[in-house]
Amino acid sequence: MPINTEHIIINEKGLHARASAKLVETVESFNADANISKDDLVVSGDSIMGLLMLAAAKGNKINIETIGPEAQQLSNAISSLISNRFEEEN
Numbered sequence: 008m009p010i011n012t013e014h015i016i017i018n019e020k021g022l023h024a025r026a027s028a029k030l031v032e033t034v035e036s037f038n039a040d041a042n043i044s045k046d047d048l049v050v051s052g053d054s055i056m057g058l059l060m061l062a063a064a065k066g067n068k069i070n071i072e073t074i075g076p077e078a079q080q081l082s083n084a085i086s087s088l089i090s091n092r093f094e095e096e097n
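For the sequence shown, the working numbering assigns the number 8 to the initial residue and increments by one for each residue that follows.
These are calculated hints, taken from the structure and not from any lab test.
Just so you know, not all the hints are guaranteed correct.
[Claimed, not checked] Result set (EDC-like, lysine to aspartate or glutamate): computed pairs, CA atoms no more than 20 Å apart in a straight line:
(1) Lys45 <-> Glu13
(2) Lys65 <-> Glu19
(3) Lys20 <-> Asp40
(4) Lys20 <-> Glu95
(5) Lys29 <-> Glu19
(6) Lys29 <-> Glu94
(7) Lys29 <-> Glu77
(8) Lys65 <-> Glu94
(9) Lys68 <-> Glu13
(10) Lys20 <-> Glu94
(11) Lys29 <-> Asp40
(12) Lys29 <-> Glu95
(13) Lys65 <-> Asp46
(14) Lys65 <-> Glu95
(15) Lys20 <-> Glu32
(16) Lys68 <-> Asp53
(17) Lys29 <-> Glu72
(18) Lys45 <-> Glu77
My request is simple: use the sequences and hints to build the entire structure.
What follows is the structure, given as structure tokens:
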């Protein structure tokens, strides 16, 4: 069963290259897939280029759907990464 969550990007630089790389690394470390969407664009959570195409800036809302045996664990890890500002800010 898919897990759907909604997040607000809170880090200053938004979902830029380094943050996208951390998100991809997180997705790839679980036995699950993630689809990330903003507005009408949906991209795979294991694609840095796709994530950059979202152009998610600070304050933007993104939706995340995780699917697979470890979907809940992946959803929790992504939520933690976003709430910790992709480990870039104090």
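Status of the hints after comparison with the structure:
1. Proposed proximity of Lys45 and Glu13 is supported: the alpha carbons are some 10 Å apart, at most 20 Å.
2. At roughly 6 Å between alpha-carbon atoms, Lys65 and Glu19 fall within 20 Å of each other, so this suggested pair holds.
3. With a C-alpha separation of about 25 Å, the suggested pair Lys20 and Asp40 falls outside the 20 Å cut-off, and the hint is violated.
4. For the hint linking Lys20 to Glu95, the alpha-carbon distance of about 9 Å falls within 20 Å, and the restraint holds.
5. Annotation: proposed proximity of Lys29 to Glu19 holds, straight-line Cα distance about 16 Å (limit 20 Å).
6. With a C-alpha separation of about 9 Å, the suggested pair Lys29 and Glu94 falls inside the 20 Å cut-off, and the hint holds.
7. A distance of roughly 18 Å separates the Cα atoms of Lys29 and Glu77; the hinted pair therefore holds under the 20 Å criterion.
8. With a CA separation close to 15 Å, the supplied pair Lys65 and Glu94 stays within the 20 Å bound.
9. A C-alpha spacing of about 7 Å is found between Lys68 and Glu13, which places the hinted pair at or below 20 Å, so the restraint holds.
10. For the suggested pair Lys20 and Glu94, the alpha carbons sit about 12 Å apart, so the restraint of at most 20 Å is met.
11. Taking the CA atoms of Lys29 and Asp40, the gap is about 15 Å. The hint holds against a cut of 20 Å.
12. Taking the CA atoms of Lys29 and Glu95, the gap is about 10 Å. The hint holds against a cut of 20 Å.
13. With a C-alpha separation of about 15 Å, the suggested pair Lys65 and Asp46 falls inside the 20 Å cut-off, and the hint holds.
14. Only pairs whose Cα atoms come within 20 Å are accepted, and Lys65 paired with Glu95 is accepted, the gap being roughly 13 Å.
15. Restraint check for Lys20 and Glu32: satisfied, since their Cα atoms lie roughly 19 Å apart, inside the 20 Å limit.
16. For the proposed pair Lys68 and Asp53, the alpha carbon gap of about 19 Å is at most 20 Å, so the pair holds.
17. Restraint check: the Cα-Cα separation between Lys29 and Glu72 comes to about 17 Å, which is no more than 20 Å; the hinted pair holds.
18. Of the supplied pair hints, the one linking Lys45 and Glu77 is violated, its CA atoms being roughly 23 Å apart against a limit of 20 Å.
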